[in-house]
Each structure stands twice: as structure tokens, then as C-alpha cells.
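**Student:** Sequence:
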Amino acid sequence: MKNAMTTHARSASLGLALLLCMSAASAQMYKWVDANGKTHFTDTPPPAAAKTAPIKAGAGGSVATSFPYALADAVARNPVTLYTTDACTACDNGRALLRRKGIPFTEKTVTTKADQEKLKELGAGERLPILMVGRSKSGGFAASIWESALSLASYPERSMLPSTYQYPSPTSLAPRPSNPDQEAVRVAAAAAEAEAARKKALEPEPAFKF
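Throughout the sequence shown, residue numbering follows the working numbering, covering 17 to 226 in sequence.
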């Protein structure tokens, strides 16, 4: 009888533990700013007076969405950045691994001389792809090493991404400066021409000479 009661108690405790784990996994992450301007990430709703903001998926994702707590916490503490280049099979494999595991990430492409110089400035190495998880970096693609880095950063082993999530498009590491507005250039040129004409009109006529 005593053994039966002990077994029942253990089963109940195990069930409660599983329930708590499930509740934690399904909890939502809240981002809010207090009166002092400090940003908080919590699993409980913010105070009524706090300024709230949606957590943008993938630290730059195109869809603002709420992540389960475990994933949101990992993203907030250790954002993931992937550096890739063109015609790179290893880069494709690395990207596929991150998507398969449901890891939100920002992708930066290294295709120009300016991109390469920027990569050197960041001290991220030159062996592409490069995976940055928080401050940790891994050059070249090795599935076991990448998975270990993600695990150490507390990313869930299985995908927890919402079905509405969309990965952001890759962007250049050193984007080219945008061209100046053509209309502004035209207006400036017209103004300069008008000013030159005005000054010329104010010049005295040359004196008559025999």
C-alpha cells in the first residue's frame, strides 16, 4: 500500500512538472519600457503605464510577432547573424540548418570590396559562412559546432517559430550610399544659375571708349 502511494505521488509530481514546463514553453515574451526609459523583457504583462513594443521577429524580421518565452529570451540575449556570399554551398547549408531549427536570424551578404573591408573591421574572420550567436562566432560551416553554439545560447532544440513568421531578406554588410535625390540636385542647379544671372545683371556696363 505504501509503495502504491509513493508511486502515485511520484506520478503526480512528474505530471505537475510536465505541466509547468508546457506552460513555460507556451508563455509569451513582453517587451516594455519603464518610466526611466529602461527596456524590459518579461514573461508577464507589463504595467498599465508602461510603453509596450512588439518584438520584431528575427531581430529585423518583416513580421512583428510574439515568440514563445524560451525563443524570445534567446533572441533577446543572443541574436543570431549569418554572414554569407554568392555561389557558396556551405552558406546554403548553414542557412538551411538555421531555418530547419527555427532560428530567427539576420543575414548579411559579403560580395563587394566594401563588404570585405567591413567584415575585417568587425573582426569576424574571413572564412564564410560566419555564424554569430551573441558574441560567439564560428567561421565555416560545421553542423555540430553550429548546433552546439545555438544550444549554449539556450535556443530551443526544435522550431518554435509562429506560422506567421517571415525571414527577413538578406542585406549587404556595407550597403552603398543611396543616390542623391535628382529633384534636389535639379533645384540646386537652377538656383545657382539664377544667382549667377542676378549677379551678372548687377554688374556695371563698361565705360565707352574711343
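Don't read these hints as lab results, they were simulated from the structure. There's no promise every hint is true.
Okay, derived cross-link-like pairs now, DSSO-like style, lysine-lysine, Cα gap no bigger than 30 Å in a straight line [to be verified]:
#, residue 1, residue 2
1, 136, 117
2, 117, 134
3, 153, 117
4, 129, 153
5, 153, 134
6, 153, 136
Label pairs and their calculated CB-CB ranges [to be verified]:
#, residue 1, residue 2, range
7, 133, 214, 43 to 49 Å
8, 153, 129, 28 to 34 Å
9, 173, 92, 16 to 22 Å
10, 178, 209, 17 to 23 Å
11, 109, 130, 38 to 44 Å
In this text the structure is predicted, and so the values were computed from the model without any measurement. Ideal Cβ placement from N, Cα and C applies to all residues, glycine included.
**Student:** Confirm or reject each hint.
**Tutor:** Results of checking the hints against the structure:
1. 136 / 117: This hinted pair holds, its Cα atoms lying about 29 Å apart.
2. 117 / 134: Holds, at roughly 29 Å.
3. 153 / 117: The hint holds at about 18 Å.
4. 129 / 153: 22 Å, holds
5. 153 / 134: 16 Å, holds
6. 153 / 136: Status holds; Cα separation ~14 Å.
7. 133 / 214: 43 to 49 Å: This hint holds: roughly 46 Å between Cβ atoms.
8. 153 / 129: 28 to 34 Å: 22 Å, violated
9. 173 / 92: 16 to 22 Å: 19 Å, holds
10. 178 / 209: 17 to 23 Å: Violated: the Cβ-Cβ distance is about 57 Å, outside 17 to 23 Å.
11. 109 / 130: 38 to 44 Å: 26 Å, violated
Hints 8, 10, 11 from the earlier list are contradicted by this structure; the remaining hints agree with it.
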